[in-house]
Amino acid sequence: MRDAVYNLLSKSIDLYVALRDKIDPQWSMRNASRIEEWRLMAYAFSRSYIGLLGGLIVFVTIVTAVIGPIIAPQPYWVYPVIENESLRYLPPCIPPICSGGPLLGTDEWGRDLLSMILYGVRISFVISVVIVLLGVPIGILLGLVAGYRGGLVDESIMRLTDMFLAFPGLILAIAFASVMPQRIRDILEASPPLRDFLSAIFGLRPQEYGQLAALISVWVAMVIVWWPGYARIVRGTVLSVREQPFVEAAKLLGLSTSKILYRHILPNIISPIIVMMTFDLATATLAAAALSFLGLGPQEPVPELGYLISKAGQFFPEKSLHVVAIVGSILLIIALGWNLLGDALRDVLDPKTRRSLEFRRRG
Amino acid sequence: MGFGSFIARRIITFIPTIIGVLFLTYIIAYAVPTDPVRAWVSEKLTDPKLIERIREEYKFNAPWYEQFAFFVTSIFTGSLRDPVRHTNVFDEIKTRFPVTVELALVSFIFLVAISIPLGILAALYKDSWIDFLVRILAFFGSSMPSFVLYYFMILIFFSWLRATYLAGIPMISLQCMDKLNNIATTYPVIGGVIASIGYVPLFGGAMCGEWDVVSETLKRLYVPALSLALLNGGFIARIVRNSFLDALGSEYILFAKARGLRRFNVWRHALKNTMVPVTTILGLSFGGLLSGAVIAETVFNIPGIGRYMYESIMRLNFPALIASVLLVALIYVIINLIVDILYAYIDPRIRY
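If you read the protein sequences in the order shown, they are chains A and B.
Here the first sequence stands for residues 1 to 363, numbered as in the numbering used here.
Here the second sequence stands for residues 1 to 352, numbered as in the numbering used here.
Only chain A is shown next, with the shape it has when bound in the complex:
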């Protein structure tokens, strides 16, 4: 298993190197040490049980998110309970004990819970990835500029960051998420291609654009809340890297500021950021679910995981224990996958902790 993972990672590195060499023939020669380091990382990662478990969970999450809405046996927009009242909150039916019923039971509207989860995982996954991928670059950029430029620029960016950090994050997100849906709805109404594109990403039907607007407002609100933490950390790291001789040398060579930032400073601070992003994918998944739980995300019929739990919470625990337990465990597992992966990456990306593995291999 561990060797298989190492082989797979090593093959992908080879593939990437071959690709770069096609574009620029000398690339692998010039970057030989970097490629060697990647191999070491791949090796260290394949020896970490936590990393393998996390990677497996993340892989399953991604696969579920991609194919979930396609393979879901029941559509989320049909309410079987209208035809048959007894379908409401059916308990799970796992084969050896019982047969014929829905595997994980049904929700308030008699919909198959398994299908709802397949839709919900896509929504949760997309929203967490987008929050992190959009929020982090803003934070990195502002942190880089503030740390490198110093002076008034630094002071004003950091005051802005302080301001956002002084605001309790969840409250700020709730506030933004509550004022935006109307506007986003107008935008979506005005441009059908955008609407179709976004609903395809989330695995929803285009006619639910009202709910889509709520979902996107959660997403935008979280991006607004997300960047300050990164800005502060990046600035701190830049301050310490900025004084090092290689930055002086780059300055003396007459390189432009953007080139120094991008080529010389960013690579030196990127590892902790990657680790933090991995952890934040867990946090973002949970935070987006929490906003939906509070009623700020999409409403009926969209099966967002947090919203499913909040609906089931009204009948907790008599009828809906299974919904809270199952959907809750799904959220727990998704977040756990990212957290385990992040924990392993922290060890793998840090040369100090990786070195012990490096020596073990050579010896």
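FYI, nobody ran anything at the bench for these hints, they're computed from the structure.
Take these hints with a grain of salt, some might be off.
Unchecked claim - DSBU-like mimics (lysine-lysine), calculated; alpha carbons at most 30 Å apart, straight line:
id, chain 1, residue 1, chain 2, residue 2
1, B, 219, A, 352
2, B, 94, B, 59
3, A, 319, B, 219
4, A, 11, A, 352
5, A, 352, B, 272
6, B, 126, A, 352
For chain A, the structure is supplied; the task is to place chain B on it using the hints.
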């Protein structure tokens, strides 16, 4: 730069932060596409004259900077009124914030009681089952959706054990409240401080000898407090563990061992240095608890400041939102400052 001027500088940089927070809140409120006044008045009372009067009172017809100035001045004169509940916003905060303080304190006690012993044990017995347990707890706490944990805590402690209750919150008696108000008016500064501590039912009950208020409060709050502590305890225990291990591996510990100190005394030396990062993280999490646990307060039905802010947003009640956000931001900034000062006090190498 000396210590005094460091504090002075920090306090000066507060001011733009606080003004910025106020302005940000105001922008959010202003960005609401619907008319907030319509949301405030109930359907029966939609007399156009009344709406016009409320509009006038909250300066909705004036340009935005006058409106903003109105909010700021009425916050600082304490005359801001809650348009939904028709009470003074500060009276509302005065009854709700103490509840959040209680919850934060009880939760903080659990947090310290869980994380510090576990962290130290995990460091002393590295790679043992207790280290593993701390690791699991940390992963669990950072991956668990908080509301799911709350539901299961309710299931265990309320539905099964019947060991807590979920309605209302104990308050101190009116006589006790009068007593506290008396103290506040007779002794200007110290009395005010004592009275505001007493407004927290947990302490007020103890001051007036109303012990049933204290015990009922604890019975009401220990489940949410424990849940909050479980969510953060593992993470903080890991920090305690790692920094204790760092300290144990340092040269002065080697020296202390070489001098033949007893094991316990060696640990005491290491513990002192462990406390530097731990104080920071504990201080910040206490600040986080004080700014209101919105989800916990919603699920456990606790009328604290977090839920007040949440409800204010949902009802477009932004006079209340602006006032409570200002309070929370002030607390955050002050706690940050206290943490920084403690940091410099514990570790004299750090001076700004």
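Outcome of the hint check:
In summary, the hint linking residue 219 of chain B to residue 352 of chain A is not supported, as the alpha carbons are separated by about 48 Å, beyond the 30 Å threshold. As the CA atoms of residue 94 of chain B and residue 59 of chain B are separated by approximately 25 Å, the hinted pair is consistent with the 30 Å bound. Pair hint residue 319 of chain A plus residue 219 of chain B holds up; C-alpha atoms about 27 Å apart against a cutoff of 30 Å. Restraint check for residue 11 of chain A and residue 352 of chain A: satisfied, since their Cα atoms lie roughly 25 Å apart, inside the 30 Å limit.
Restraint check for residue 352 of chain A and residue 272 of chain B: the C-alpha separation of about 26 Å stays at or below 30 Å, so the hint holds. About 19 Å separates the Cα atoms of residue 126 of chain B and residue 352 of chain A, which keeps this hinted pair within 30 Å; it holds.
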